[in-house]
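Undergrad: Sequences are here, hints too, so could you generate the full structure?
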Amino acid sequence: MKGYIDFLVYALGIKELIAKAPKLDEYTREVFYLRTSPQPLEVLIKQMEEANVERGILYSINAKRSHGCDMPGNDLLYEIIKKRPELFIGIGSIDPLDDDSLKELERLYSNYEFIGIFLSPAYQLFNPCDEKLSRVYEFLEDNKMLLVLHMGLTWNNKLPIKWSNPLIVDEIARKYSKLKIVITHMAWPWIDDLYTVMFRNRNVYAITSGVFTGAPKEHLRTILTEGYRRRITERFIADRLLFGSEFPRMEIWKMVDAILSTNLSENTKIMILRDNAVSLLTSISKVI
Amino acid sequence: MYGDPTLKIEVEIMEIITNKKTEIIDITDEVQGFVKKCGVRDGIVNIFVRHTTAGIFLNEKEDGLLKDFMKYLHKVVPEDDEYYHHHFFYKDGRAAVNAWAHIRSVLLGHFLTIPLKDGKLLLGARQRIFFTELDGPHSREILIQVVGD
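These protein sequence lines map, in sequence, to chains A and B.
Sequential numbering of the first sequence, starting at 1, is according to our numbering.
Sequential numbering of the second sequence, starting at 289, is according to our numbering.
Among chain B residues calculated to face chain A with C-beta under 10 Å, some are: (1) Lys309; (2) Ala383; (3) Val385; (4) Asn386.
Derived DSBU-like pairs: lysine-lysine, alpha-carbon spacing no greater than 30 Å straight-line: (5) B:Lys325 - A:Lys15; (6) B:Lys309 - A:Lys2; (7) B:Lys379 - B:Lys309; (8) A:Lys2 - B:Lys355; (9) B:Lys325 - B:Lys405; (10) A:Lys175 - A:Lys64; (11) B:Lys359 - A:Lys2; (12) A:Lys2 - B:Lys308; (13) A:Lys23 - A:Lys83; (14) B:Lys379 - A:Lys158; (15) B:Lys308 - A:Lys83; (16) A:Lys162 - A:Lys144; (17) A:Lys23 - B:Lys379; (18) B:Lys309 - B:Lys349; (19) B:Lys308 - A:Lys15; (20) A:Lys103 - A:Lys132; (21) B:Lys296 - B:Lys324; (22) B:Lys379 - A:Lys162; (23) B:Lys405 - B:Lys324; (24) B:Lys408 - B:Lys296; (25) A:Lys2 - A:Lys286; (26) B:Lys379 - A:Lys20; (27) B:Lys308 - A:Lys82; (28) B:Lys379 - A:Lys15; (29) B:Lys379 - A:Lys64.
Per the computed footprint, the stretches of chain B lying under chain A, defined by three or more beta-carbons under 8 Å from a beta-carbon of chain A, are: (30) 373-381; (31) 422-430.
What the hints contain is simulated information worked out from the structure, not anything from laboratory work.
Even glycine gets a Cβ: it sits at the ideal position worked out from N, Cα and C.
TA: Shown next, in the form of structure tokens:
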């Protein structure tokens with residue numbers, strides 16, 4: 001495999017899905033807070049090609065309890081994945097506080113072969129350390145599914161961020177030491193807190209998604225290499241960083257270029273862009 | 289002229305999905321094809337690009353020259369610079385990170401008007417119509433308006 005893996009692609013802003021669920025456009029604008037024009041699926045595929053990305057990990061967000069919407073929903077996500085299984089891998093979503101969440105989790109695992117679930121304390125309004133989630137974490141751990149947690153700044157300023165600091169993950173990572181936990185956006189601005197959790201827990205990974213402080217090259221240069229961060233990136237966590245574009249919030253090639261243009265070693269860049277994702281997926285028995 | 293029953297105004301929106309970050313696409317045949325479809329013989333053709341990070345221009349179709357256009361656009365407006373535009377836009381819900389594409393599109397321009405006679409675009413011998421993608425891949429709309437009789 002020569003191409004890269006994009007570990008964070010939201011299945012939103014896609015014309016074909018909006019055609020099937022017209023309210024999805026409104027949810028994307030008002031809840032997910034992305035207000036650009038929807039594009040055909042072909043644009044995502046071409047963006048992947050242009051960026052040398054061979055596989056995209058596609059996400060859904062279940063915000064039914066918190067905001068009355070699914071974005072886009074596990075079934076619609078599965079339809080996209082089925083269309084191009086050689087390109088896409090699915091990470092679904094559940095309402096972690098719903099009593100039926102385990103049933104849905106089993107369905108995603110058995111019927112859809114999703115590799116994990118995406119939970120967002122900000123969008124879904126829950127505390128990741130809530131005892132109600134233990135049965136979810138146990139299921140994920142037992143069945144080698146990933147837990148992707150939305151951490152860091154959320155642009156929708158109507159949403160709370162009190163559960164978005166990655167320090168909250170330390171307790172979960174320690175208790176479920178075989179569960180692979182992936183944190184989005186390098187948990188910006190709490191990067192030192194992210195380091196703390198990653199240093200203490202080898203089962204915690206981070207995605208280099210999110211652009212908060214300028215253009216992609218400016219932002220990723222700052223958070224991955226400025227000051228002591230380059231030492232940390234190269235020596236401490238190089239094998240647990242995963243490339244993610246956060247498409248459609250950002251064009252995929254811009255984020256790839258941002259990684260390639262840093263002064264990280266060539267080996268570390270390729271680990272971030274591809275090799276770490278391949279290892280992680282292999283470790284949960286997902287062959288690609 | 290006013291209320292002239294033979295005067296036609298026909299409009300089409302041409303949709304394309306571009307393939308690359310930057311791309312120069314010859315759309316001359318498509319425009320000529322639409323003119324033929326409308327049946328307008330004499331008049332003008334307006335071509336309008338409905339985007340702020342794409343452009344349109346007329347020039348010669350030669351591969352080396354097309355590469356030169358892009359090379360010099362990049363030289364004059366580099367990506368790696370500090371741009372005031374590069375910050376989060378609440379109205380878009382994402383960061384704006386393509387000031388260079390906007391500026392390049394202003395340099396190229398967004399519309400052309402080409403005279404039409406006997407159903408043919410009155411282009412010079414070496415003139416072709418080029419749509420230019422400056423921040424792709426993307427789906428794009430090009431408005432073609434034919435006015436005449």
